[in-house]
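Sequences and hints are given; from them, build the entire structure.
Just so you know, we're using this note's numbering here: the sequence shown kicks off at 17 and counts up by one.
Hint data in this document are derived by calculation from the structure and do not stem from the laboratory. Every residue, glycine too, gets a C-beta built ideally from N, C-alpha and C. Worth double-checking, as some hints may not be accurate.
Beta-carbon label-pair distances, calculated as ranges [said to hold, decoys possible]:
#, residue 1, residue 2, range
1, Ser-81, Gly-140, 24 to 34 Å
2, Leu-344, Arg-434, 15 to 25 Å
3, Ala-472, Pro-245, 35 to 45 Å
4, Ser-604, Gly-530, 15 to 25 Å
5, Ala-472, Glu-593, 50 to 60 Å
6, Ile-268, Leu-235, 13 to 23 Å
7, Gly-628, Thr-422, 54 to 64 Å
8, Gly-439, Asp-560, 35 to 45 Å
9, Ser-162, Ala-214, 26 to 36 Å
10, Gly-439, Leu-235, 11 to 21 Å
11, Gly-140, Ile-221, 28 to 38 Å
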Amino acid sequence: MRVRNGFRLLTRFACFTFLLWLPAQLCGQSFNLQTDRQPVTSLDGLWRFHTGDDPQWASPSFDDSQWPLLRSNESWNLQGYKGYSGYAWYRFTIQVPNGGEALSVMLAPIRAGYQVYANGKLIGGYGYMPPQRLSVLSRPEVYDLSPATNTGPHTVQIAVRVWQFPEWAAYAPGGVLAPGNVAGDSLLIHRQMQASDAAHLSRSINTYAYCILALLFGLLVLGLFLLRPSEREYLWFALLLLASAADAALNIAFSLATVPVQVFDVVEGCLLGIFQIAGLLFFSNVLHVRRNFWWRFACVTAFLTPVTPFLYILDWTSVPVSGTAAVLCTLPSQLWVLAVLVRRAARKDVNARLLLIPVLLVYGFTAVDNLIGIAFQFGWQSWALSLNLSFVHFSFQLGLKDLLFTIFAFTMMVFLIRRFSLGRREEERLSGELEAARSMQSLLVPASAPHTPGFAVESVYLPASEVGGDFFQVQPGDDGSLLIVVGDVSGKGLKAAMTVSTIVGALRNEKERGPAEVLANLNRVLHGQIGGFVTCCAAFISADGAMTIANAGHLSPYLNGEELAVAAGLPLGMLAEGTYELTVYPLSAGDRLSFMSDGVVEARNTNGELYGFERTQQISQQTAASIAEIARHFGQEDDITVLRIQFVGAEAVVSEMT
17 MRVRNGFRLL TRFACFTFLL WLPAQLCGQS FNLQTDRQPV TSLDGLWRFH
67 TGDDPQWASP SFDDSQWPLL RSNESWNLQG YKGYSGYAWY RFTIQVPNGG
117 EALSVMLAPI RAGYQVYANG KLIGGYGYMP PQRLSVLSRP EVYDLSPATN
167 TGPHTVQIAV RVWQFPEWAA YAPGGVLAPG NVAGDSLLIH RQMQASDAAH
217 LSRSINTYAY CILALLFGLL VLGLFLLRPS EREYLWFALL LLASAADAAL
267 NIAFSLATVP VQVFDVVEGC LLGIFQIAGL LFFSNVLHVR RNFWWRFACV
317 TAFLTPVTPF LYILDWTSVP VSGTAAVLCT LPSQLWVLAV LVRRAARKDV
367 NARLLLIPVL LVYGFTAVDN LIGIAFQFGW QSWALSLNLS FVHFSFQLGL
417 KDLLFTIFAF TMMVFLIRRF SLGRREEERL SGELEAARSM QSLLVPASAP
467 HTPGFAVESV YLPASEVGGD FFQVQPGDDG SLLIVVGDVS GKGLKAAMTV
517 STIVGALRNE KERGPAEVLA NLNRVLHGQI GGFVTCCAAF ISADGAMTIA
567 NAGHLSPYLN GEELAVAAGL PLGMLAEGTY ELTVYPLSAG DRLSFMSDGV
617 VEARNTNGEL YGFERTQQIS QQTAASIAEI ARHFGQEDDI TVLRIQFVGA
667 EAVVSEMT
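Below you can see the structure in the form of C-alpha cells.
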C-alpha cells in the first residue's frame, strides 16, 4: 500500500513538472506542414498573444514563451480581454518541409487593422493603422510567403500586429473573429480564397438582386414622373427607390471591405435621409395630408441623419450614442408615416388601405430592428444584433429585410401603376370635356369682331391651354355707339371656362349700356357662384366719341400709347353689392384704344423676367396681332387677350348708316 501511494505521488509530481516546463520550451504555437503530410493545414489553435506594441515582437528570435495562449478562432473579448483597444500581437510558428515550394497563409477576419510579419519581414497588411482614423469591415485575406534560400525543412515565424480602434472596443470584438486560418500550397490557398469570395457572393446575392430591382423600378417611376410632371409623388417615390438601391450597393461595397466604416456611415446617413424625406413627401402627396408641424419636424430630423456619424468621428461621443442619434433622427418620419396611414385607413381612405400592410412591414421592421441594434450596442441585451434573419436557404440565403423590401417595392409599383392608369383614364375624360368646352368657348368668344360702323376693331385671343379664362365682348348699338367689355377670370382650365360662359351669357342678355350698371349687374350674377373673382373693364363710346369707362380691378386701357387714368373698383364676385366709378374721356377721329389682359404684362422669359408695364405701353399702338405675338414669343404663362379699337369719327358713322 505504501509503494502504491508513493508511485501516485511520483506520477503527479512528474505531470506537474511537465506542465511547468512545457510553456517555457514553446516559442509560440507551432503548426507543422511536414508531419501533417497535407498541402494545406489549419492554423486554428492556440496562438501566443500579448497586448501593447514593440517592434521587436516581429523578430523570429524573440522569446514569446511567457506570453499567454489564446484560441485563434474567436475574439480576445471572449478570452479575458473584453473591451481592450489599442495594439496587440499574435505569434505562431509554421514548420515548412521544403523551401522550394510556394506557400501562402490565409488569415480569418481580424478586427480592425493589422500587419503581418514573416520572420521579421512585413509581408502585408489589412485595413488602416494609426495615425489613420479609418477602419474597414474585416474579411479573410491571403499573404504569400517568400521562398526560403535553402530547400530543406525550416520554420517560419508569423507575427500579427493588430490595432483595435478605441471607439469600437466598447461593443465590437477585437482580434481574430472566426476560424478559417490556414497555410500551405499557394495555389490551393488562393483557390480557397476564391471559394470564400464565392460563398460571400452567394450570401449577398439577395442584396444584389434587390439593388438591381430597386434601380429598375426607380427609373421606371422616374419615367412616369416625366410623363406626368405635375404629379410630384412619382418623383418622390423614384427618389425613395433610387436611394434604397444606392444603399444596397453601398452595403455590398461595405461587405467587400472596399469602403471605410466612417465613409459608409456618412454616405448611408445621406441615403437614409433622402429615403425618409422622399417618403414623407410621397405619402403626404398621395394621402393629401396637410404638412403640419410634426411633418416638418420629421423632415428636419431626417435631414440631420448624415450629421450623426460625425459625433463619433470627431470624438464628441461614443459610437453607440452616435448610432442612437441616427436612429432617433429617422424614427419621427417612420412614426409619422405609420400614424397617418393608420388614421386614414380607419377613415376608409382607399389609398391608405392599399398602402398600409407593405408600409407597416418595412417601416415597422426598420424601426424595431434599429431599436434592437441600439440595445445590443449598449449591452442591454445580447441575444440578437438584428432582425434580418436568414430564414430560407437555397443556393443562397434569403434575408428577412431584403424580402420585406422586395415585397414593398413590388406592391408599391402595383399601386403606382394602378394610380397612373386611373389618372390616364381621368385625363382622357377631362380631355373630352375640355374639347367640348373649347368648342363652346369658340362660339362665346368671337374669333372676329362684329360689324361696327364708325369703329375699326381688331381682336386676338390666345388661351394658355385648351380653354381660357379671358373674355371680351364688342356690342354695337343702333345709334352708332359701341359697348366694350374685357375681363379675366381668376384661375385656369375648365372651371374658369365655365365662368366665362356664364359671364358671356349674362352680357348678351344685358339690357343696360352704361359701364357702371353693366359691371354692377355682372357682380350680382357672379357673387356666391364662383370660388375666385373676375377682373373686368367696361367702356361705352357714343357715336360722337364721348367715352365713359368703369373698371373692376382690370388693367386700364391705353389711348394712343398712353395709359388712361381710370378709377379701379373691386373685382367682380367679391361683394354682394358693388359700385363702380365712371371716368369720362372724349375721343377724336383717329384715336386708338388698346385693351389687354394681364397675360401680356405677366409674360415671363426663361430668366424669370416679366414683360412688364413699360414694355407693354411701348407696344400698345401696334396691331392686336403684333402685341399678342410679342407677348407669346417673350414667354406666355397666362391667357392673352388684345382688343384694339380705332374711332373713325361721327361723320363716318352717319355716312355708313345712311
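Results for each hint:
A C-beta distance of roughly 27 Å is found between Ser-81 and Gly-140, which places it inside the suggested range of 24 to 34 Å. The beta-carbon spacing between Leu-344 and Arg-434, approximately 35 Å, falls outside the hinted interval of 15 to 25 Å. Ala-472 and Pro-245 have their C-beta atoms about 44 Å apart, which keeps the hinted 35 to 45 Å range intact. The supplied range of 15 to 25 Å is met by Ser-604 and Gly-530, whose beta-carbon atoms lie about 23 Å from each other.
Taking the beta carbon of each, Ala-472 and Glu-593 are about 37 Å apart, not inside 50 to 60 Å as hinted. For the pair Ile-268 and Leu-235, the supplied restraint of 13 to 23 Å holds, since their beta-carbon distance comes to about 19 Å. Remark: the range hint 54 to 64 Å for Gly-628 to Thr-422 is upheld by a beta-carbon distance near 55 Å. For the hinted restraint 35 to 45 Å between Gly-439 and Asp-560, the CB-CB distance of approximately 58 Å leaves it violated.
The hinted range of 26 to 36 Å is satisfied by Ser-162 and Ala-214, whose Cβ atoms lie roughly 28 Å apart. Distance hint check for Gly-439 and Leu-235: the Cβ-Cβ separation is about 20 Å, which falls inside the suggested range of 11 to 21 Å. Here the CB-CB span from Gly-140 to Ile-221 is close to 29 Å, well matched to the stated 28 to 38 Å.
Hint violations for this structure: numbers 2, 5, 8, all remaining hints satisfied.
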